Amino acid sequence: MTCSHNQTLSDTLSGSAQEIVNAAEKRICVRAGPGTGKTFALTRRVMRLLQDGTQPQHIFVCTFTRTAAGDLQRELKQLGVAGAETVRAGTLHSFCFSLLSQAEVLPLTGRVPRPLLKFEERFLLEDLKGINNEGIRELQNRLDALGAAWARLQSDDPGWPTDPKDKIFLEHLSNWLKFHEAMLIAEIVPETLKFLRNNPSSHAIPHFLHVLIDEYQDLNKAEQVLLKELAGDGNLMVVGDENQSIYSFKFAHPEGILEFANENRGTRDLTLTECRRCPKLIVELANALISNNTLLRPRELVPAQEVDQGKVHVVQWESLEEEAEGLARFIKHAVNSGIARPGAVLVLAPRRQIGYLIRDWLKKLGVSAQSFFYEEALDGDPSNLETSRAQQAFTLLTLLVEPGDRVALRCWCGFGSSSLNSMAWGRLREYCENSGRTPEDALEALEAGQLRIPDTDELVKRYRELKTKLSELSQLSSQALLDTLFPVDEQWADELRALVPHDDVSSAQDLLDTLRAAITQPELPTDVDYVRVMSLHKAKGLSADLVIVAGCVQGLIPTAPDRNSSLNEQKQMLEEQRRLFYVAITRTRKILVLSSVTRLPKHEAYRMRAKVGPRGKTIASRFLSELGPSLPRAERGIEWLKKMC
1 MTCSHNQTLS DTLSGSAQEI VNAAEKRICV RAGPGTGKTF ALTRRVMRLL QDGTQPQHIF
61 VCTFTRTAAG DLQRELKQLG VAGAETVRAG TLHSFCFSLL SQAEVLPLTG RVPRPLLKFE
121 ERFLLEDLKG INNEGIRELQ NRLDALGAAW ARLQSDDPGW PTDPKDKIFL EHLSNWLKFH
181 EAMLIAEIVP ETLKFLRNNP SSHAIPHFLH VLIDEYQDLN KAEQVLLKEL AGDGNLMVVG
241 DENQSIYSFK FAHPEGILEF ANENRGTRDL TLTECRRCPK LIVELANALI SNNTLLRPRE
301 LVPAQEVDQG KVHVVQWESL EEEAEGLARF IKHAVNSGIA RPGAVLVLAP RRQIGYLIRD
361 WLKKLGVSAQ SFFYEEALDG DPSNLETSRA QQAFTLLTLL VEPGDRVALR CWCGFGSSSL
421 NSMAWGRLRE YCENSGRTPE DALEALEAGQ LRIPDTDELV KRYRELKTKL SELSQLSSQA
481 LLDTLFPVDE QWADELRALV PHDDVSSAQD LLDTLRAAIT QPELPTDVDY VRVMSLHKAK
541 GLSADLVIVA GCVQGLIPTA PDRNSSLNEQ KQMLEEQRRL FYVAITRTRK ILVLSSVTRL
601 PKHEAYRMRA KVGPRGKTIA SRFLSELGPS LPRAERGIEW LKKMC
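The sequence shown: position 547 = 547 (this note's numbering), numbered continuously.
Honestly, the hints are just simulated from the structure, not real lab data. Computed from a prediction, not measured in an experiment: that's the story for all the values here. Don't take every hint at face value.
Under the rule of at most 25 Å between Cα atoms (straight-line distance), these lysine to any residue pairs were calculated in the SDA-like manner [to be verified]:
(1) 467 with 447
(2) 118 with 74
(3) 590 with 527
(4) 311 with 467
(5) 467 with 524
(6) 129 with 181
(7) 167 with 207
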C-alpha cells in the first residue's frame, strides 16, 4: 500500500482510531484493550506525521520489545511512506544504551558496560548480604528499586535515594560493581535520566518533536519521566491498558496510565474498546474475569460484530505427563485437520517444566515446536552443582573468551558452596583492592604458593579446576565447543542451544555474543512455521488461532501468596496475577483450551515453587470459576481427547 500526502485514512480507520491518527493535542493518552487495534492506529499516526512533513529523525516510537519495534518498522516500510525506514523505533533500554555510548558517559564515569546477568546477581547479593542487617530478599527489593531510580510508587519522584538504607546499599553496590568491572542492566535507565537532566547542551541528545510510547502500563516511574524528558515541549502520546499491567516486580504500576492525564495538563483521553481479535465468547469470559479486580475498576471489552462466537475447552488430567501427551495429540489433530497451522498455535505454561513436557511430546508426534523460556534458561541454585549446570557452562564460555572477566571468575569460584564462598571471595577482593592486583593474578599467586590469604583454599581449588577445563575447551572446534558445553541430549541445555541459529558458530566469541545478546535482549519471532511454547508473560503482544494455557492449577495460576506480605500486598499481587491470566486468554483468535492436572509430584512441585496437598494433590485455578457462567464445564482430559480426535 502506497499513500500520497493527499490520501486520507478514512477507508482504513474509523471512530476512536481515526481520532488517534488526527489528534492535535500535545499530550494524548490512549487506553486500548487487547485486540482493539492500538498497534494499527499507532502505525497510521506515524504515517500521518510523515505525510504532514515531520522529519523521520524527529519521531521516536518506544516499544516494549525489539520484536514490536521490528514489526512496526516493517509495517511502515510496506506502507510506502517516504522516510518511514529511518523513523527511530526500539526499546527504551536500547535507546538509552545508544545515547550513553554516543555521549561516552560510561568511560567518563569509569563504568564498564559488561551486563550482569540475572543468575550473576545472586553472587552479588550473597556478597552484600548483611548490609543494613538485611538478607537476600530485602537486598533484592532494593536492587529492583534502583532500576526504577528508587521510585517504588507511582507518586514517587525518580532520582537518587532518600532512604538512608538505600544510600548505604547503593554505596556498597557501586563498590562491588566497580571492582568487578560490570553494571546492572537496570542501571541503564537511571544513568540516562541523570545524564539528560544534567547535560541539556549535549549534542548527543536527539531532538524529538513526537514521542510515541506503546505498552505504557509496563513502564516504571523512572522510565516514564525519562521519556517525558525526551519529549520536552514536543508531542507525547502514550498507549496502554491498565488491565494488562503485569510488571510490578520492576515497580511498574497500572496507575501510571490511569493518572497520566492528571500529571499532564491538557491531555486528550481516548479509548479503544472494540476487540477485533477475540471471539465473542472469549470477550465475555475476559470481562467476567477482570471484573473481579476491584482496585482499579477495570473497563470492559466490546466484541466486534464480525467476529465468530469462538470455542473454549476446559480439561483436566491426572498428571503432568498425561496433560502433555494429551495436549500434544490435540494440537497434532488440529494441525492435520487444518484447524490451525503450527505457527498459529500458542502454548502458554506458568513453568518451563510444563512447557518442556508439551514441547517434547509435540516433537515425538512429529509436530515442529520450539520453546521460549529464555528468561529461565540460566535458572538454578548456584550452590548446587547439579542444578546450576547451565550457569557453569555459560561461565566457562565467558572465561574462555574473556579470561579477565571478574564477574565470571567470581561466579566460578562460588559454584557448589552453600555460601557461594562469599567470605573467601571477600578476603581475596580486599587484598586486590589494597594491592592493586587483579583477582586472576592473586589466584595464580595463591596456587603457586607465592601468596597467603587466610581461608581461601576453596577458591584455589576451584581456580585449579577452572584452568584444567579451559585448557581442554581451548583445543575444541567451534561446533565441538558448543556440543561439549551444551550437550544435545541434556534438557537443561535445550533452551541455550535453541538460541544459536542452526548450530552455526564460527568461534567461541561468536557463541558467547549470540547467547549473551539473546538472553539480555530476547526477541520472539512472530512469523513462524512451528508451535510456540512460552510463559504467560512472554505472550504479551502475540496472538494465535489456537491458544492453550496449561498448568491452570491453584498455586501456579495464580501463584501462592507470600506469607510475609500484608493483606493489601497480597490483594495487589492477586489482581496482577488475574491481569496476567486475562492477557493469556485474550491471545486467541478462535479456540482457547484451559488445562489443569489433579496432582503434582512433590519433587516437581518443589522445583516449580508450587503449593500442593500432602499427597501432591492439586485443584484447578480459582480463576476458572471467575470466568463466569458462560464457561463450558470442565471435562476429563482423556474423554475430551477421544471426543475431539
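Exercise. Where does the structure disagree with the numbered hints, that is, which hint numbers, in rising order?
Worked result: Violated hints (numbers, rising): 2, 4, 5, 7; every other hint is consistent with the structure.
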